[in-house]
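With chain G held as given, fit chain W onto it using these hints.
These protein sequence lines map, in sequence, to chains G and W.
Following the numbering used here, the numbering of the first sequence begins with 1 at its first residue and continues without gaps.
Following the numbering used here, the numbering of the second sequence begins with 1001 at its first residue and continues without gaps.
Heads up, none of these hints are tricks.
If you anchor each label on the Cβ, the simulated ranges turn out as follows: (1) W:Asn1226 <-> G:Glu25: 38 to 46 Å; (2) G:Glu25 <-> W:Ser1039: 34 to 42 Å; (3) G:Leu23 <-> W:Ala1145: 35 to 43 Å; (4) G:Glu25 <-> W:Lys1343: 21 to 29 Å; (5) W:Lys1343 <-> G:Leu23: 16 to 24 Å; (6) G:Leu23 <-> W:Asp1409: 22 to 30 Å; (7) W:Glu1292 <-> G:Leu23: 20 to 28 Å; (8) G:Leu23 <-> W:Val1064: 37 to 45 Å.
Calculated directly from the structure, the hints in this document are not laboratory data.
Ideal Cβ positions, reconstructed from N, Cα and C, are used throughout, including at glycine.
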Amino acid sequence: MKVTTINLCQSCLHVNPCVLTTLKELVFSCSEFDEINEEVPYEIKIR
Amino acid sequence: MTIATTAKGDKKPAAKKGMMENVLEQFNTAADKINLHPSIRKILSITNNEIIVHFPVKMDNGDVEIFTGYRVQHNNALGPYKGGLRYHPTVDIDAARALAMWMTWKTSLAGLPYGGGKGGIQLDPSLYSKNELERITRRFTFALADNIGPEHDIPAPDINTNAQTMAWMADTYMSTRPPAERSANQHVVTGKPAGSGGLEGRDRATGYGVYLTIKFWAENKNIDLNGKKFIVQGFGNVGYWASHFLETEGAKLVAVQDAFGSIQNQEGIKVADLFNYSKANDGSIVDFPNTEVLDGKEFFSVECDICIPAALGNQITEKNAHSIKAMLIAEGANGPTNVEGEKILLERGITIIPDILCNSGGVIGSYFEWLQNRNGELWMLDEVMAKLDKKLKESYNKVHAYSESKSMDMRTAAYCIAIERIEKAYIQRGIFP
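The following block holds chain G by itself, in its conformation from the complex (with noise of 0.2 Å):
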């Protein structure tokens, strides 16, 4: 994917520290990702 319109990094638990990429506006799908909010359940990768 080079261009993307959806940017899963902007609302991500871990997008200040996170070092597995530096493309953080082009972030679609991600194993790591988790809401910053704790009152909604952890992402289950199973599609």
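Relative to the frame of chain G, chain W by itself:
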């Protein structure tokens, strides 16, 4: 880029540049290779249905908010639409279209009786309480009404949605049916909790699938996995389970990268110990005993035999493909290798097990859950794993044989197989009227 030509030669407006363009590019490359019939190319270049619903939900403070939800149904030539629902502020129709199309290829390649769909709600879940999210989910399900259904369109969890979300959806959908039909509609969604029609072992299905494709590759090449070194990017569900099963074959985990940092030990890292450590350290693998810290940029050039990018896209690029030491890349994540990176890897003779094959264990697990509900059965864990093994072996062997016979890489072969299967269905059925 023009998506398709409509009747009487009217042109659709140029599509927004983005994910859709990329997915169409992959589709057109494969379609050219197989000389796809022009009419079928037109059909597959565009989505069947795009549902946008605006629905009101009462918040905890009594206010009413209006939400926008999407469901894109790309193609159902092979069976009901299948794909995830995500809750995220950046969900939009373009992204849903692209991901729905991707699901069509994935389910087709896996040999499942499904088409492709995707959708979600444009919202930031961090702004809502659990009760509000439940009402939003239930109202969205009600708004979608008969646009979903166990034999029509079967949603699944995705970003920010999970087993609980699916349980709410199933309950809401079933409640809208006549009493005698309610139980027969449990398979309207997959990814439900194990106690509510969910599948045993669904948590490990994708990671197990990644491991299986690596095992099949090794068997084909007559390579013993015992003692082979592997690295994993992402120690979430997929990365952990793939590592767990590889370790049972005697393979050695030598480096891991997660959102917090990268670690290495060429003597081996015990998967279970790292998992327990990460659980006790807020999900971080950093400072795991007896490992050295790696610079993030060095991660993909670590000495190893197998590399498993299982976190996110665009990780193997023209910048690092030259320095990769592995002889196999198993794509646990979606789109981890970009076009330029792949070209370099292939020139260097490095095999890539493409994402639509490598991480298809998850959607196959979904199919098993659907079948289980549909047939009124409850499968044991060992049964599920054995069925996954059989299904994935079939897919792997097809892709391997196709790529060998046509002298093409496994990704192109996978796309060709997926599209040819749909083409065959259209040729057999014809186009109504």
